[in-house]
Amino acid sequence: MFLKFFYTLKEVGIPVSPTSFLTLQKALHQGIINSLDEFYTCARSILVKSEKYFDLYDQVFAHHFEGVPLPEDGGFEMDEIARGMLDEWLKNPKQVADALGMDEEKLKKMSPEELIEYFKKRLKDQDGRHDGGGKWIGTGGYSPVGHSGHHPGGMRVGGESRNKSAVKVANERRYKDYSTKGPLTQARIGEALKRLRNLIPAGPRDMINIDETIYETMRNAGEIELVFDRALKDRLKIILAIDNGGWSMDPYIQVVQTLFDYARSQFKEVKTYFFHNTIYDCLWEDTARYKKPKNIMEFSRIDPDTRLIVLGDASMAPYELMASDGSIHISERSGRPSLEQLKFLADTFSHAVWLNPVQESMWGYTHTIMAISKIFPMFELSLDGLEKAVEKLMVKN
Amino acid sequence: MESNNANEFNNAKKYVLDNELASIVNISMKLEMPLLLKGEPGTGKTMLAHAIAETLAMPLIVLNVKSSMKLVEALYQYDTLTRLNDSRFGDSSRDVSNIDDYIKMGKIGQAFCADKRTVLLIDEIDKADTDFQDDMLDVLDQMQFDIIETDKTVKAIHRPVIIITSNAKKDLSDPFLGRCNFHHIAFPDPKMMRKIIRVHFEDIDEKLAENAIDSFYSLREIDAIEKKPATRELINWIRALNADPDFRAKDLVKGKMPFLGVLFKKSPDYERAQNLTSRRKLF
Chain H
1 MFLKFFYTLK EVGIPVSPTS FLTLQKALHQ GIINSLDEFY TCARSILVKS EKYFDLYDQV
61 FAHHFEGVPL PEDGGFEMDE IARGMLDEWL KNPKQVADAL GMDEEKLKKM SPEELIEYFK
121 KRLKDQDGRH DGGGKWIGTG GYSPVGHSGH HPGGMRVGGE SRNKSAVKVA NERRYKDYST
181 KGPLTQARIG EALKRLRNLI PAGPRDMINI DETIYETMRN AGEIELVFDR ALKDRLKIIL
241 AIDNGGWSMD PYIQVVQTLF DYARSQFKEV KTYFFHNTIY DCLWEDTARY KKPKNIMEFS
301 RIDPDTRLIV LGDASMAPYE LMASDGSIHI SERSGRPSLE QLKFLADTFS HAVWLNPVQE
361 SMWGYTHTIM AISKIFPMFE LSLDGLEKAV EKLMVKN
Chain G
1 MESNNANEFN NAKKYVLDNE LASIVNISMK LEMPLLLKGE PGTGKTMLAH AIAETLAMPL
61 IVLNVKSSMK LVEALYQYDT LTRLNDSRFG DSSRDVSNID DYIKMGKIGQ AFCADKRTVL
121 LIDEIDKADT DFQDDMLDVL DQMQFDIIET DKTVKAIHRP VIIITSNAKK DLSDPFLGRC
181 NFHHIAFPDP KMMRKIIRVH FEDIDEKLAE NAIDSFYSLR EIDAIEKKPA TRELINWIRA
241 LNADPDFRAK DLVKGKMPFL GVLFKKSPDY ERAQNLTSRR KLF
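Protein chains in written order, with my numbering: chain H, 1 to 397; chain G, 1 to 283.
Looking at chain H on its own, in the form it has when it is part of the complex (with noise of 0.2 angstroms):
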């Protein structure tokens, strides 16, 4: 029973394993699920072991069980803007109508879903060409807005009633802030530092542990038996390095600032730097890049054991990055291309990071982001990919 929908849970990617399957059927066979709703409660708590699938879940259960088309390759994305176009809509017809070139007495006669798939239509010829967008296409965030107040139509879209049904519930998709995947936003910042707890060095075993040692030892009949710990090393330091040049860029900074900002007291010193698209001959510690440069040569000069964290889209024209005379400013053509500062960088920090606000998914598409991948080792900036770099800062070499 259900294999189907054991398989579709499998296929978008939640570990699902085939003993926690059985013990569903066997919950199944001992009659103690009855209805749909205690299907949904009961095989979310046995299938899916972290809140972080809770909704993708939601939106397999809702294709199943009510056969809401899961969105097609990469459509996820799609479908949030196309909701949140719908939102904009609701409050603000004419301007959506305006923007999309269409005529709004036109589109009010259409029901919300197919506003919903009409949207996602022209979503998709605009793929490509569309740069940008308008700014209400989406990132503005979409609040369940709901209750058509404002729709012309004066249709209810999402409406609330307490005793909702498993589908229902399902199709709400009250879980999606818990999905590690997607940017890092200021929201997310406590999630975000717990991943860089780890952040902590250990020492050698040199430490004597006293209590330990004298339990052994009354085990060992008096015999004596030392008992070591690991000692704690001095704490880190870390070279926050970031790209505060375009505008793409304006989100994550701050956000990856307010981090470090929190979790400065874990760390020796942070000191962070600023430069534009990619790195040349300076670092600059003021954000306009102008007062205070810092020659890269200089940082041969500092603790190797230090962690260098590059923040930066890596996006930029090949030629800023491999020319020798790439760079926009002219003070900073010293005859070598970015792409030798960036090597020299991570051949001096032999723990260093970048890490990238665009989607892993579409790193293949930009050259650049390829090329300076090679050098560093790249992180997507969302909590699963802080979690790697972590991991990736902690290597003992």
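A couple of the hints might just be wrong.
[As the list claims (entries may be wrong)] Covered stretches of chain G, going by a simulated chain H footprint (3 or more residues, C-beta under 8 angstroms): (1) 17 to 25; (2) 30 to 37; (3) 154 to 166; (4) 178 to 190.
[To be verified] When the alpha-carbon atoms are kept at most 16 angstroms apart in a straight line, the in silico EDC-like pairs for lysine to aspartate or glutamate are as follows: (5) G/K155 - G/E124; (6) H/K26 - G/E32; (7) G/K70 - G/D18; (8) G/K70 - H/E216; (9) G/K66 - G/E124; (10) G/K70 - H/D211; (11) H/K52 - G/D174; (12) G/K155 - G/D141; (13) H/K52 - H/E387; (14) G/K104 - G/E73; (15) G/K228 - G/E271; (16) G/K266 - H/D261; (17) H/K271 - H/D305; (18) G/K30 - H/E38; (19) H/K388 - H/E360; (20) G/K266 - G/E233; (21) G/K227 - H/D261; (22) H/K268 - H/D305; (23) G/K70 - H/D229; (24) H/K52 - G/E40; (25) H/K268 - H/D229; (26) H/K26 - H/E38; (27) G/K250 - G/D205; (28) G/K70 - G/E20; (29) H/K271 - H/D303; (30) G/K107 - G/D146; (31) G/K191 - G/E73; (32) G/K195 - G/E210; (33) G/K70 - H/E212; (34) G/K155 - G/D174.
It is worth saying that the hints were derived from the structure and are not from the lab. Computed from a predicted structure; not experimentally measured. No residue lacks a Cβ here, since even glycine has one placed at the ideal position from N, Cα and C.
Knowing the structure of chain H, use the given hints to seat chain G on it.
The following block gives chain G in isolation, referenced to the frame of chain H:
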């Protein structure tokens, strides 16, 4: 049928239960699997175990996991020091040649040896290392463990109802997760919160509760807060507001928020909240 009902978990006095959670607790009990609870600190994970023990009228045994803990400590302890002392001075009723006299049961051991079914709460499992977690699950799976010193096996007389909580500081290992049922306690919505407050403060001023909950949710909205206030903080806050004779419910609407320290425990968070609320007063 009646006896069956007695074994089902419905509701407790001090705990507001949603149906989802109730059915998960029941199914875990019937499948005899441990239930792993995750959620923000202060959303009532530990309270749930207390509530289950109360409704089912079972004794509750709490194992507070510590970071340095070894599994043996949770099972039993061999008190070598006392034995050495007794063998030297021999002024106790214990028999030095009988090691059993020096074995003390740990929390898991107590749950196994109890003469009636118990609720075993293993609190904050994520503090311990993964070895501890995996080994413990072995013991809980087989419902028995060996005492190495005396070569005896302790078997569970009654299978305890096992609740495990985690604050998600570390990820738990896959084999561990595989053997538990999982539930994540989401943060209660305002409606739920009103119910919770009413359970905790029976004769609270309607207006005060309403305003406090409203301001609480707006304070939770503040960006870049490391530790958001949770249910526990709200309850303490209302207790503090209630105790203050000068306080009037109207103040909250005006943006005057006393005792912010009860809600925000980290100093940068506190300063941030303080700044934002005092700024709002100006407008």
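Is it true that the CA of G/K228 sits at most 16 angstroms from the CA of G/E271? OK: G/K228 and G/E271 at ~13 angstroms, within 16 angstroms.
Count the residues of the stretch 30 to 37 of chain G with a beta-carbon closer than 8 angstroms to any beta-carbon of chain H: does the count reach three? holds (count 5)
Checking one constraint from the list: CA of G/K70 to CA of G/E20, max 16 angstroms. Satisfied? violated, 34 angstroms
Decide if the proposed pair is consistent with the structure: H/K52 and G/D174, CA atoms, cutoff 16 angstroms inclusive. Given pair H/K52, G/D174 holds - Cα atoms ~14 angstroms apart, limit 16 angstroms.
Does G/D141 lie within 16 angstroms of G/K155 when you go C-alpha to C-alpha? holds, 12 angstroms
Would you check the hint for H/K52 and H/E387, treating anything up to 16 angstroms between C-alpha atoms as holding? holds, 14 angstroms
Is the Cα-Cα distance between H/K26 and G/E32 16 angstroms or less? holds, 11 angstroms
When you check the alpha-carbon spacing of G/K70 and H/E216, does it fall within 16 angstroms? Judged against 16 angstroms, a Cα distance of about 14 angstroms means the pair holds.
Cut-off 8 angstroms, C-beta pairs, minimum 3 residues; does the coverage of the stretch 17 to 25 of chain G by chain H stand? holds (count 4)
Are G/K195 and G/E210 close enough, with their CA atoms no more than 16 angstroms apart? Answer holds: G/K195 to G/E210 is near 11 angstroms, not above 16 angstroms.
Holds or violated: are the alpha carbons of G/K104 and G/E73 at most 16 angstroms from each other? Holds - the C-alpha atoms of G/E73 and G/K104 are around 10 angstroms apart, at most 16 angstroms.
Pair hint outcome, H/K271 versus H/D303 [Cα-Cα no greater than 16 angstroms]: holds, 13 angstroms
The structure shown violates the earlier hints numbered 3, 5, 7, 25, 28, 31 and 34.
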